Amino acid sequence: MNALLLTVTLPLAGGLLLAVVRSLRVAGWLNLAFCLAGLITSLVLAGQVLHHGELVGYSFHVDAFNVYLVVLTTFVGFTTAIFSRPYMAHVCQEGWVSERRMRLYHAMFQGFLFTMLLALTTDNLGVLWVSVEGATLATVLLVSLYRTPEAVEAAWKYFILCGVGIALALFGTVLVYFAAQHALADPRQGLSWMALYAESAHLHPAVMAIAFVFLLVGYGTKVGLVPLHNWLPDAHSEGPTPMSAVLSGLLLNVALYAVVRFKMLVDGALANTENAAVAGHLMMGFGLISFLVASLFLHRQRDIKRMFSYSSIEHMGMMTFAFGIGGPLATFAGLLHMLVHSLTKSAIFVTVGHVSHIAGTQVIEHIRGMIRTQPAVGWGLLLGVAAIAGFPPFGVFTSEFLLLSATMDSWPWLTSLLLFGLVVAFAGLFRYLHPMVYGKAPEGQQAVTANMLPVMLHLLLVLALGIAIPAFLSHWLDQATWLIAGSHLL
Amino acid sequence: MNPTLPLSLILAYVAVLAALGSAVGALATGRLPGAKGLMFLLLGASGAAAVAAGLTALASAPAGGELPLGLPWLPWHVRLDALAGFFLMVVGVVVLAVAVYGPGYVRDFEHGQDPLSVLGAFTGLFVAGMLLVVLADDAFLFMVAWELMSLSSYFLVVYQHEQAANRRAAFLYLLMAHIGALSILLGYGVLAAFGGGFAFEAMRGAALSPLWASVAFGLAFVGFGMKAGLVPMHAWLPEAHPAAPSHISALMSGVMLKVAVYGFIRFTFDLIGQIQWQWGVVVLIIGSISALMGVLYALMQHDLKRLLAYHSVENIGIIFIGLGLGLIFLATGHPVAGVLGLIAALYHTLNHALFKSLLFLGAGAILHATHERDLERMGGLLRRMPWTGFYFLIGCISISALPPFNGFVSEWLTFQTALQSWQLSGGVLRSLIPVAAAMLALTGALAAACFVKVYGVAFLGQARSRRVRRARPVTFGMRSAQGFLALLCLLAGIFPTSLLQWLNAVPEQLLGRGLSAATAHGWLWLTPVAPEMASYSAPIVLLALVLLWWLSALVLRRGRVRQVRRCDPWDCGFTDGLPTARMQYTATAFAQPIRRVFGLLFHVDEKVEREAGGMRHQLHVGDRAWELFYVPVAQRIQALSRRVTRLQRGNVRVYLGWSLGTLLVLLWLIS
Amino acid sequence: MNLVQLSLLEQAVFVLAALILFLSFTLLAQSRLVSGIHVFAWQGAVLAGATALVAASGAHHLFISAGLTLLLKALLIPWMLHRQVRKLELERHVETLPHAALVLMGGAALVIFSYWVVVPIERLELLATRNIISLSLAVVLLGLLIMVTRRQAVTQVIGFMSMENGLFLAAVAATHGMPLVVELGVAFDVLVAAVLFGVFFLHISESIDSLDTDRLNRLAVPEDEP
Amino acid sequence: MTANAWLLVLLQSVLFLLGAPLLVAWVRRVKARLQNRRGAAWSQPYRDLYKLFGKETLVAHTASGVFRAAPYIVFASTLLACTVVPLITVRLPSAAVADVIVLVGFLALGRFFLALAGMDVGTAFGGMGSSREMLISALAEPAMLLAVFTLAMTAHSTNLASVIDHQLASGLILRPSYLFALMGLVLVAVAETGRIPIDNPTTHLELTMIHEAMILEYSGRHLALMEWAAQLKLMLYGVLIVNVFLPWGIGTQLTLPALASGLLFVIGKLLLLGVILAVAETGLAKMRLFRAPAFLNLALLLALLGLLSNVILEAGA
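Residue numbers (our numbering), protein chains in the order written: chain A, 3 to 492; chain B, 17 to 687; chain C, 963 to 1188; chain D, 282 to 598.
Chain A with its partners taken away, still in its complex shape:
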């Protein structure tokens, strides 16, 4: 329990502390230290969960479904912090950001991690909402950190769209609470997910269905589901790169996590009605549309970060689809995909940070010959994209393999759509990637000091997951599958 509390509160403390630290150097290292401490405590927490099963108390609830996401969050936070320290120092040197705003950056970085961890570990659906909204508020200023007109515009759109979305999610939460008032013995427990889950069969189906629509649209906006995704590419492309890495790697996951948690309730409530699988179907539809549309978007890109944010939409769509299908195999695939996508995508964004640093621009047309200028960065980008495109032996392939076969089992004809989307997305990614990494480097392009350790770490993990999934992880994923889909896969 202490580990849990520490894990959650460390970033909060870090955020408060960093808000007052003036020295940029110290702040960078402190940021890293807090992330490292968070990672260690989360690993301890994970060890406890592994040994003693789920952890409940103080309205926290850590089970197999969220424990691995907690570790993932602290891990990605840590590696991004490694990257962020020299990168943001460089940004500051270039004069894009004032020192004062760097304080804001560091504080908000920790604040963001805090909201993410809180959202993951809390048992209270209201707190879940508050922390996801808090994440929006924490990041919105970071998106506009550079204060360019584009950045302000992106942040405004992010703010408005996610604000509306999250408001709708709150309405959905209210409806759930409303349904709980009449189903639970103790109505004050009406926002406790565990209490609701235990009694989910007694929740009023019609209310829960309406609530789910609001929750899906609401949290779905944060997940980046088409057509609610419009904020996402803007925010990713204009914010500082470490932010893009954690947004893509963590925030989207947490939003999807929320959707899935609610789906579990709704499925229970609707189990005995005639449209029992409506939640799943909605998610499948959304997921598929997002997946296909995003893959088509990938063919018309000018900005490198924007491009990868569309790729994130595509993958979130795939996961939503997987959870929508709902069987054990698909759920397992979705859970695994959350993990590998986060790792890969944050690695890519870190690399993209170096790439745009080398090229001095984010415009794809002007990024050329990375492998020549700095082989480590070029190869990082290349392998990262190969991984995200679903090439084995990287782990993304494993989850896509499972997803495809799950689809083949239950919706065989939809696999052709998936196939189409995968191919189109792949073509879109590589057609822009090729000229960026290969070919002659432009005159005067210089290598920069880049720490590729985070990227290597992430890619190696993804690689290892593609070759073999360690027993404890597969145990967790299977437990989570059991929670979500109602049956074990193993």
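This list has only true hints and no planted wrong ones.
A few chain C residues that face chain A, going by a derived Cβ cut-off under 7 Å, partial list only:
#1 Val-1102
#2 Met-1125
#3 Ala-1133
#4 Met-1140
#5 Val-1154
With a straight-line Cα cutoff of 20 Å, these simulated DMTMM-like cross-link-like pairs (lysine to aspartate or glutamate) come out:
#6 D:Lys-336 / B:Asp-584
#7 C:Lys-1049 / C:Glu-1168
#8 B:Lys-623 / B:Glu-392
#9 C:Lys-1049 / C:Asp-1171
#10 D:Lys-332 / D:Glu-493
#11 A:Lys-442 / B:Asp-130
#12 D:Lys-567 / D:Glu-493
#13 D:Lys-336 / D:Glu-493
#14 A:Lys-442 / B:Glu-178
#15 A:Lys-442 / A:Glu-367
#16 A:Lys-442 / B:Glu-126
#17 C:Lys-1049 / C:Asp-1174
The hints are simulated quantities; they were obtained by calculation from the structure and are not laboratory data. All figures in this text were calculated on a predicted structure; none of them were measured in a lab. Here a beta-carbon is modelled for each residue, glycine too, at the ideal position from N, C-alpha and C.
Dock chains B, C and D against the given chain A, drawing on the hints supplied.
Below, chains B, C and D alone, put in the same frame as chain A:
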């Protein structure tokens, strides 16, 4: 893993590990002295181990095992039966040759901008991928290995990435490979859905409805066909194979395509089980078209490596003709003829691996010595690189299907299979198969024409450019690799019966019956069905040829004038000087009559420009597949994506409208 | 369900809820910016009143909530908005709604739609509050509609805040309030959001010299071939 | 198979070697008569060969080993092809060594080296001849194989001896497929042996030559071998046509009378064929090169028709 691991499997593991070790060793090149040697040594060891494993597997019962990797509920299954063993052997032989060839060839790259370590590492991974594909006994490992093979070979194709054409080729290659892989994956998905598992063992037991069996077959055919380069899915092949360094081209053309053939055989003959004759017809037709189109397009090329790549399309077509015939006969209840078809295809697989690798290594030797790929600038290389020229000639004869070399044997077997069509009852089939045979005959004749062109223009005549005039023989290692393959070409040509005895294990394990009659009359005679139907004795043919040559030479040398006098070539009546190199027939000119005869099949863009001081002739022969299949699809997707992009016009109110609209629609949906 | 069966207090809640809906319509039709802020403040005040009534009917912890709402929605946020408007010299800003009649009709349709959506809720003990949910749903949708139809950033924020009012109405009237932690968290978030909105008004007007969000269109996927 | 039988193979080869120039002489003489000329003596081809064998052999500086090896390979492969075609008896042990597909392969092997030799010296005409030769052979070879397949499909064998055996055993049956195949094979033979209207064996006008263009650089014994091989090829095709389609008279036992009658019959048939060839060559003119594909397409069509009519009309036979 079993406590008593069979020998064949141990050898196979050694092969895979050695290939991986070579990849790791490659990473050290440039830092450690001797790493380069170690890398190729390990690669060679991998090849040798693969050959040994293959031969052992052909002689023993299937061996299976599990590796503690992969999915938690699906460890990697490996299995080495005769079919896998045969393909291991094919892979191993070429890898061995490439490992001998490599150290000399990569010298060019050592001082280039692209590190050798990249080349070596991906070569090792590539080989390991191919070996694992063959060993895989479950769909997951198969796909992992398959994509590893694709991905690492993609990096090899794009290795020399400064030319935009290579980058484009690599992109196209990877794209098509990806499509193909997904298609295969879906094919396995169908089988797994019915068989209840991804292990091949489960799939074999799947009871598929005919419709789903056909769907699975179709998906697999598209997927494997795309990798193998069947028309019209071949567009990547002539782009990608030439782009890679030549020893990699040899691996890709010689072996990787075979791995696709392996996949197809494994999927169709082994896993699906319930073969339908309609599939055979499809395979036969596509195979025939591939063979013919491949050779015709090859004739139009004057880039040597590109030409060879198109020939791979042709030869893959021939292999699939054999497979198609096999499928038809098996499905209609003529197992002997069916097995013959399979054997013919397998034999051609081996042959193509040998001679195509040989030719690519030869092309690499030329490239190494002259930095030239364009036939129009070559000429007279035989006198400058005699050994390469000699081995290349053997390759040319073999690929042109001329006796007594190996290419002829497999084409002969394919013809023999086609001639079994009198056994069939359906009239349509009986008339279709001879037409396919005719196309095969045409293909063979055109291939001969093509290699007369290649050899005549490149090795004979006079040098057409300065760089070619200065060509020097390549290193001993490079030569001996070619010699090794050339020798194997000859051996496979003159001892077909002995080879068939080995090969027989494949259909015996796969279909439960072999081709006992073929080898019943001793090593001297090859009698596929029965001696009175057809027989061929390659050793006697070779003996007779050599004997006749020797005798005639002997007799004539004893004539009145023994000496041969050197003189100038006849100068057509010109008095001032000898005929120059520019007067020689060019490759384009050589192929011009055929281009005119088959003009409809090409996209010919010919221009004659008059300019000061003479005329300029421009000729571009394009592949029709592009305009028929590829460009329209690409345009559709572009148009679609343009339409979709209108979702995001930048107006935040529109975005909000989408949110509102989505909300309303969903609320309406659930009510 | 019949209104007559309810207690007087509950009837009063219903009346106030209807008033909130009416104010949303007023917001939708309002063309003067400053008047819009006033209307929004009134809506907040009515919401606070409704909350207080519910609290009086038994859920006493809601008094805190009512106070918070009054403070935030009726006083603080309108005041902040007002200050921003003055700072940006937008007091006389008038934004005429194109196709006003059509938009109002659309708003009415949304109200009907919201009722239609909640019709399937037919379990007896839920009936009493069903209709108030449909009302608050309508307020939420109308808020969204305001945001869609208005180009002015300040108006959009007002729309957003009125959406939140709808949410609160649902929370208060249908469920007798959420747990206090959540209420506080939500209030805090709203406050931070309001502050941030203020910051953004400044940034936007700095960068595009107006608050017309239609002019925020640098970040669009290009139509032509990139 | 006894040693006697293999002696017979030797004998047959010698017969081919000696008979081939004779057939050429016969065709030339008949042709001369038809053109109201007296024509050269019977022995002229032999004398030509003898003379060439005695002459000095010149090889261009630019030529490589291929140029010098080619005549031997061409000669050897053609002669080898001849040894597997039953000439006077069907009991030919060498027929089992190579079936009819291999026979086509031998011819292709010879042609491959012939064409290479044409390109070796590096003059313009050699390459031109090779290019044309390969075009024509590319079209002729499938036609020939198809014609042969027609026979093979009927006899269920590609072994020439078995095919002829089957013909003899089944007696005279009027098969439409055979008619088409015969016609196709005749056209192929005309093209392959370089006769009018595809090529003119007597031309020395550079732009129209095909076969002659390739051997333009040859002299002395090399040229003799090339010429001899060409004559062998003509006879080979002749024998193939007469013995396979009209096998009657060929020896079916290894007895002296049978062999003698076989010899007589084949000589008679070949003489007749020579007359037909001479008549045709007198009446026709050489085609332009790009008309040749049409001619060969006709051959291909005929052969294909033969095969199809075999499938459709003679099913089960």
